[in-house]
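*Asks:* Below, each chain spelled out in residue letters.
Number of protein chains: 6
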Amino acid sequence: MRKGGDSLDISEMYTVRQCYRDKADRFVRLYGETNFAGGGSALDVPYVWKKYGAIPEELYPGLNYGEDNHVHGEVDDVLKSYVEAVAKKPTKKVSTAWKDGFDGVLDAYFGEVPETFEYKGKTYTPKSYAESLGINYDDYVAVTSFTHHPFYEEFILEVPDNWINAGYMNVPLDEMKQIVDNAINNGYTVAWAADVSEKGFKWYQGVALMPVWKDESTLEGSELARWVKLNKSDRESEKYKIDGPMEEIEVTQELRQQMFDSQETTDDHGMVIIGIAEDQNGNQYYKVKNSWTAKQVYDGYIYVSVPYFLAKTVDIMVHKDAVPKAIAKKFQK
Amino acid sequence: MRKGGDSLDISEMYTVRQCYRDKADRFVRLYGETNFAGGGSALDVPYVWKKYGAIPEELYPGLNYGEDNHVHGEVDDVLKSYVEAVAKKPTKKVSTAWKDGFDGVLDAYFGEVPETFEYKGKTYTPKSYAESLGINYDDYVAVTSFTHHPFYEEFILEVPDNWINAGYMNVPLDEMKQIVDNAINNGYTVAWAADVSEKGFKWYQGVALMPVWKDESTLEGSELARWVKLNKSDRESEKYKIDGPMEEIEVTQELRQQMFDSQETTDDHGMVIIGIAEDQNGNQYYKVKNSWTAKQVYDGYIYVSVPYFLAKTVDIMVHKDAVPKAIAKKFQK
Amino acid sequence: MRKGGDSLDISEMYTVRQCYRDKADRFVRLYGETNFAGGGSALDVPYVWKKYGAIPEELYPGLNYGEDNHVHGEVDDVLKSYVEAVAKKPTKKVSTAWKDGFDGVLDAYFGEVPETFEYKGKTYTPKSYAESLGINYDDYVAVTSFTHHPFYEEFILEVPDNWINAGYMNVPLDEMKQIVDNAINNGYTVAWAADVSEKGFKWYQGVALMPVWKDESTLEGSELARWVKLNKSDRESEKYKIDGPMEEIEVTQELRQQMFDSQETTDDHGMVIIGIAEDQNGNQYYKVKNSWTAKQVYDGYIYVSVPYFLAKTVDIMVHKDAVPKAIAKKFQK
Amino acid sequence: MRKGGDSLDISEMYTVRQCYRDKADRFVRLYGETNFAGGGSALDVPYVWKKYGAIPEELYPGLNYGEDNHVHGEVDDVLKSYVEAVAKKPTKKVSTAWKDGFDGVLDAYFGEVPETFEYKGKTYTPKSYAESLGINYDDYVAVTSFTHHPFYEEFILEVPDNWINAGYMNVPLDEMKQIVDNAINNGYTVAWAADVSEKGFKWYQGVALMPVWKDESTLEGSELARWVKLNKSDRESEKYKIDGPMEEIEVTQELRQQMFDSQETTDDHGMVIIGIAEDQNGNQYYKVKNSWTAKQVYDGYIYVSVPYFLAKTVDIMVHKDAVPKAIAKKFQK
Amino acid sequence: MRKGGDSLDISEMYTVRQCYRDKADRFVRLYGETNFAGGGSALDVPYVWKKYGAIPEELYPGLNYGEDNHVHGEVDDVLKSYVEAVAKKPTKKVSTAWKDGFDGVLDAYFGEVPETFEYKGKTYTPKSYAESLGINYDDYVAVTSFTHHPFYEEFILEVPDNWINAGYMNVPLDEMKQIVDNAINNGYTVAWAADVSEKGFKWYQGVALMPVWKDESTLEGSELARWVKLNKSDRESEKYKIDGPMEEIEVTQELRQQMFDSQETTDDHGMVIIGIAEDQNGNQYYKVKNSWTAKQVYDGYIYVSVPYFLAKTVDIMVHKDAVPKAIAKKFQK
Amino acid sequence: MRKGGDSLDISEMYTVRQCYRDKADRFVRLYGETNFAGGGSALDVPYVWKKYGAIPEELYPGLNYGEDNHVHGEVDDVLKSYVEAVAKKPTKKVSTAWKDGFDGVLDAYFGEVPETFEYKGKTYTPKSYAESLGINYDDYVAVTSFTHHPFYEEFILEVPDNWINAGYMNVPLDEMKQIVDNAINNGYTVAWAADVSEKGFKWYQGVALMPVWKDESTLEGSELARWVKLNKSDRESEKYKIDGPMEEIEVTQELRQQMFDSQETTDDHGMVIIGIAEDQNGNQYYKVKNSWTAKQVYDGYIYVSVPYFLAKTVDIMVHKDAVPKAIAKKFQK
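Protein chains in written order, with the numbering used here: chain A, -15 to 317; chain B, -15 to 317; chain C, -15 to 317; chain D, -15 to 317; chain E, -15 to 317; chain F, -15 to 317.
Certain hints may be false.
[Unchecked claim] No farther apart than 20 angstroms at their CA atoms in a straight line, the calculated lysine to aspartate or glutamate pairs in the EDC-like style are these:
{"#": "1", "chain 1": "E", "residue 1": "LYS225", "chain 2": "B", "residue 2": "ASP218"}
{"#": "2", "chain 1": "E", "residue 1": "LYS161", "chain 2": "E", "residue 2": "ASP218"}
{"#": "3", "chain 1": "F", "residue 1": "LYS76", "chain 2": "D", "residue 2": "ASP60"}
{"#": "4", "chain 1": "E", "residue 1": "LYS77", "chain 2": "F", "residue 2": "GLU182"}
{"#": "5", "chain 1": "A", "residue 1": "LYS309", "chain 2": "A", "residue 2": "GLU41"}
{"#": "6", "chain 1": "D", "residue 1": "LYS198", "chain 2": "D", "residue 2": "GLU232"}
{"#": "7", "chain 1": "B", "residue 1": "LYS83", "chain 2": "C", "residue 2": "GLU96"}
{"#": "8", "chain 1": "F", "residue 1": "LYS83", "chain 2": "D", "residue 2": "ASP(-7)"}
{"#": "9", "chain 1": "A", "residue 1": "LYS186", "chain 2": "A", "residue 2": "GLU232"}
{"#": "10", "chain 1": "D", "residue 1": "LYS111", "chain 2": "D", "residue 2": "ASP(-7)"}
{"#": "11", "chain 1": "C", "residue 1": "LYS198", "chain 2": "C", "residue 2": "ASP245"}
{"#": "12", "chain 1": "A", "residue 1": "LYS83", "chain 2": "B", "residue 2": "GLU248"}
{"#": "13", "chain 1": "A", "residue 1": "LYS216", "chain 2": "C", "residue 2": "ASP60"}
Quick caveat, the hints were computed from the structure, so don't treat them as lab data. Keep in mind it's a predicted model, so treat the numbers as computed, not measured.
Let's have the full structure, built from the sequences with the hints guiding it.
*Replies:* Structure below.
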């Protein structure tokens, strides 16, 4: 996002922490009959900004306990166990102390939230700081493309990370691509939630493709003899190898939907699309920034082919000005 | 509701069945990380009417297997086990057959849904029949009164039965009462979701009160001696006895909220408020129709005191014309 | 079997489906205190033929949902979850609807069973079609060889796949071999249930042996030095390598029994013995057809050494005429 | 049974112990995919006599640990936990020690089994003692009456207590009664397995009936007023009260089957029918001996009405000479 | 205890809180393979005084969340879930934050612990306050009487509440009684841990006896007829009724041990013996203060017979000066 | 230990067996709220010697069931399942038979314990044999070094294997090393319990180090390119390779504590330190005997570097005469 959090270096952990609070409240109210997990969507960011405000990263790194990284498994498990214990209502009623205790745990793992703080010579509360950023919650829209709901209406995307029950604009597949292209071409970045557990998502190699994979049933002669002798994992790695541009499958709206319905596509991970690139054959790629280790080929970026984007995008979030007028108009509401 | 389902004798089981289908779809899409249960809210009825239509009760009683009553536990458990097995994705992807199998189970327990049917000399589809009823989905609004969200805005009520993530109008407690009074006085009925597991909800006696219960710590002398000799269950039943009008507690917005937050108030059961009555002392009661056995004092009706209503109402659904103008105006949207 | 299902191309999935029905009935009647799983024995085929009939493969492929292969894990799990839910009897009694629901699920995954069908110009029911095949259920006998029951009597083989509690002829080990040899030499095929999870069962190499494996404790000098540096999986694959005829262990009745009792031998998989072959050293092998991928050395066949056969056969099923008279006579019954 | 165990005072616990051994063997062989429980059928007695022999009660009371009664829950649970641990095969194979350990546990709870013993001046092994009793295993037949299998054939009754997979003669309902009447009239007793958890089975009152229960929906006036004020358990006990002969329901083959299929009839308990009696109205009852406390009205006997017998009998076991010739003839085998 | 906490009104909740901390530490160190529960022994009090100090009750009531009583089930469950989540080590190592989070939860439920506080005009830390009380940890000894360890040695009593692995003096049964009598007669109170779930422990009646209960097998005639007609719970309450002094069983060392080994005696509850009394027949009772509701016959006290004391005492804690010299001498250490 | 069990060839399995008995007793007494597992500490040996005695290895190999090795998983699981079943107290009390049954299982897996035995011409009981060895239980002390308890006091080490709640001497890290060095230099061996699941514990290579591992974030150019292409397991094995002396990390008391608190150091395995050695660079190593396969580089020995020893020692047990006087003096008790 042009005015996005990254460049301003807003504390991510502050968002994470406040989402945990709201998830816990909702989990207990629903008697534990919903999910409670670390994940979230790009829309969590404006949600927290609006409701709780923001803090600069340097003032709230959210690493309070002498570790370089979050021991995420532990804090997730501890919080989940905590709310599950409350939601079981062992004494038939829920105490008024549980929320303070939950905050105590958040303080221990993320650090205490300051009521006010000094930043660049001014004093802020989280809310006043968020307001000072001049970002409007309603400026961001989430977009996706699925056929189990009508196009050009909003629907509540049924993925666990959409825990805030946010509405998503539903557009045909080609229009979802137009929105991204338009955004990038006009200097906006795009928050991108996609499946990253596909065979074709090669992080260390820096590319994500939807190749037509090698078909072993066409092997013959010495090639077959060699293949028969491979062990299972070698067969696998041979079959799913990428070492250069490959023919990719054609991704239609139907195929995309089928992969979503069968849950081959799952809601794995959030990244940011920051640019458009081309390979030697003129094929278009999206240049994507990912928070994983920078110790790979492109120092933390990956090039995503158009077929991969069309098939494996769960949803995108963009500034509403980045949506082409023609598309925006089709939404009445 | 003046134009409500009961008088028209619309099939309830058709609504139940179609909700099961949508719950199953949602459950599988969310990887099983949500609840799947028989319950629902009054808003399910217009939701199904709009999406799937309706069938007359006599054409779809929904009792397909030689029983007088639904063996609800079995069908609930069978359906839940089924979707849980699917959601575990034993083969890493979800088949395309599971929905047909789910429908097969629904057919077995509720009866097959006719594509078209004859009724009073006309041929209908469920959708065309629902349209013929002249009822508009958007005419019904759900209302509640809680302080953990701002008044005069809609919010998604956090109770498991609100599985469709419907929005509820949030109003101050006295205005919630005004809406009901206004509706009844203008000939509308009100769908009422309330906690029915309170000590003061005496179904067989036909009254629901919030009494100031007897305080055993004030007992002395022979009364105490008698009380000491009672066994636990007799002590309990003595303490919570109602045998006539009793002093009731005063229910404020705060008390209501606290009982909701501590989950003393839970989302138990849906009934219909059909009238207003008074006792010998001039206290107001709501006359409520309940689907439980009619073998009680008032042939299936119960009189609910105002304190009970204020404290234990989870939410109400009314025709939007039944909401006083002055209140309706406070909602921008 | 000379008149066997494969050559006639009888629908296997029809057998599978009907077994599921009977397994479900038995599972519920036994209050869930038995197993319910996809597996079965060769005897299931005549069992279903006799009880429910048969359908040609082309008319009942049993793949009803747009997949090339059965998503077996899902259908197994869904059916098991279903019957477990019923068997728990949540309402203290079992409904009459559950079987119809179960059939609905089977219809979804395997396709509906036609009451009658046209085949090569005639109309059949499954039962009349099975009768038209001229195969007699009682012509097939199951044979095994174990010492925890007396020889020359029938006993109910205690393996989960024998869910129909069929009786097996128990003969000494050499006579079990004679029966197979006699059958093959007289043009019968033999259904063979054997353990296929042994180190010596090399599917891709097309041989199954019981070798005397390499003993690393005899290594010395540079061989030992090399071996010490191997990682665990390389050590394993070195130890259990087959690359030509190897010395095999001698399999006695006692050893066979001990491997069965200790459950090193388990009831894994059904195949068909179709011939006898010899290697360069004159050792006898059984040529076995297996339904796994044909993308191995012998296009879907495997050569099984006599020691492997003697040790790892769980049971065989043959036409009774294929049993040598001298052996058959020892069974009174 | 005329020559039955009770009068000879044969050790019941010896039978129980030996059945546990065989159940354990079977449970482990089936990889734990079957039930393992204390229950059994009347056929267990001849099964053990034939396979392991018998011991007089006084020489093997089976109470080895200073208790007056078996702490059945503990021994059941300990044995079950033991075989479950073995069947999980933690080391991928089953040891040869587990059976000795299992016997060690049986020794501790039931006492060691003597290899030989002195009894009335003679030395016996359990097997020689059983032979000395002159009872022939094959003289006892089990009979039942259900329509989910054809009449006049044997089938394996699908109840958990039939863990030996014994065959039961299946006869029409009236013939099952004829067999019992014939047996009693000819001086045989009949082992009777029946559902004893019915409302009409009043052990302390000494009668078992199938009454047409009181219908509260017919109540009116003061009777209704009184009933409304009863608490739940009082309502229940009023509804299901027996205080003299009552009108009973008519039990047909269909009703019997339906109650079995829906598992309202369950396989609860084994008793012995020892006589026939009549009440003041000339209705027939079976006089039944039950092993429960004798501290009830008839010192340990209960009178079972014909409708109760017809509806709730799971199966009977009688000496084959007690079966009327005309019925026996209908069984070919 | 003469100098005991009660008279000084020391905060019990401070002890409870600090024990939770140490239990949590131990639980995590033992990888969760131990118990973690609210219970504790009388020895916890000196243990905490010595290690952490003490706070006056009025300064640390330990009720921090607007409730009159601790919602004990919730805080127990929340803390247990928390430490279990940590002990599972989801990330293979334990973070350094978990203890702070645990403290945060304790703060929420019990209130923050002041580092220093003002009391009666002086400033204390918890440790300096405890020291100011002039009580010595080593002055208190725990005593019990069991034969599975040698007398006159200390042993670690194997009950879950002894989580600090404290040593207990083991004396013959009569000497345990002498210690209590001696203590009471010299003005000491005795902390008493005993089984309170016995039929003979009648809290509301204010007595605890070990009666020879009514034997229904001796009933005859009309008494039997009456008894037969009682329902199960009435039979029970009749059998175990106390309405005056009753003959009690004789409690020997052996009987006591047997009831402990068979776990009829369990470690239920801590109380305080404050006096000795006699009934009309000259039988001795201990007067015991219990923290349960004072709304019973003796305003919160119960009279415990000598047989009850001998049979059901798990252990006692007394000031060491209260132990008779002759007994103390038998302990070398 | 100079007089240690190994050289005398005392039966280890006798110790294991007797510990199981005491663990079982303790587990049941604590209502199953503790751990029950095969593991133990070096202190178990003197514990059993003192309480139950000892038997020569050749007379009690403890392998009773025709296997060359203990099928440890099975016996562990069987025993654990057994005591868990007892501890659940299905009948509300624990029988007196359970211990005999438990012994019966131990007999089956380990062999019966002789009451007396002949050895080298003399007759012994286990206790008299243990006494004849002239070893004094109190001569052995356990030592460790942790800062969560004060130095120079004994504390109960909080590791599951310390199930006997033994006290450990706590000394500063350098003194723990002095104790070992002093012991070895004076001809004593040292029982060593250490973490053996570290990357630096290379059993087959015969060394245990705490290396400063390769840091991939410093890779550049072709080294990086090569590393990027490795698969995950190759990256791992490259990173943690040892092929000669390597720089090791400096182990301080703080680092040691931190690794223990975070449970990177766990209580894995007991070995024996038998000597001191030096590498080519003059670095000191401990020569350690381990019971694992001798098929490695040093025939069953491993050389442990000083940093490894300091970091990963959980505790040691030595003869008390092996503790330097100066250190011993600091313990009052």
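*Asks:* All hints are to be evaluated individually against the structure, with a verdict given for each.
*Replies:* Hint check:
For the suggested pair LYS225/E and ASP218/B, the alpha carbons sit about 17 angstroms apart, so the restraint of at most 20 angstroms is met. Proposed proximity of LYS161/E and ASP218/E is contradicted: the alpha carbons are some 36 angstroms apart, above 20 angstroms. Between LYS76/F and ASP60/D the alpha-carbon distance is near 14 angstroms, which keeps this suggested pair within the 20 angstroms criterion. Under the criterion of a C-alpha separation no larger than 20 angstroms, the hint pairing LYS77/E with GLU182/F is consistent with the structure, at around 13 angstroms.
Using a Cα cut-off of 20 angstroms, the hinted pair LYS309/A and GLU41/A is violated, with the two alpha carbons roughly 35 angstroms apart. At most 20 angstroms may separate the alpha-carbon atoms for a hinted pair to count; LYS198/D and GLU232/D meet this at roughly 12 angstroms. Restraint check for LYS83/B and GLU96/C: satisfied, since their Cα atoms lie roughly 15 angstroms apart, inside the 20 angstroms limit. At roughly 30 angstroms between alpha-carbon atoms, LYS83/F and ASP(-7)/D are farther apart than 20 angstroms, so this suggested pair is violated.
With a C-alpha separation of about 15 angstroms, the suggested pair LYS186/A and GLU232/A falls inside the 20 angstroms cut-off, and the hint holds. Annotation: proposed proximity of LYS111/D to ASP(-7)/D holds, straight-line Cα distance about 16 angstroms (limit 20 angstroms). Of the pairs offered as hints, the one joining LYS198/C and ASP245/C is violated, with about 25 angstroms between alpha carbons and a cut-off of 20 angstroms exceeded. About 17 angstroms separates the Cα atoms of LYS83/A and GLU248/B, which keeps this hinted pair within 20 angstroms; it holds.
Between LYS216/A and ASP60/C, the direct Cα distance comes to roughly 26 angstroms. Violation of the 20 angstroms bound is thereby established for this hinted pair.
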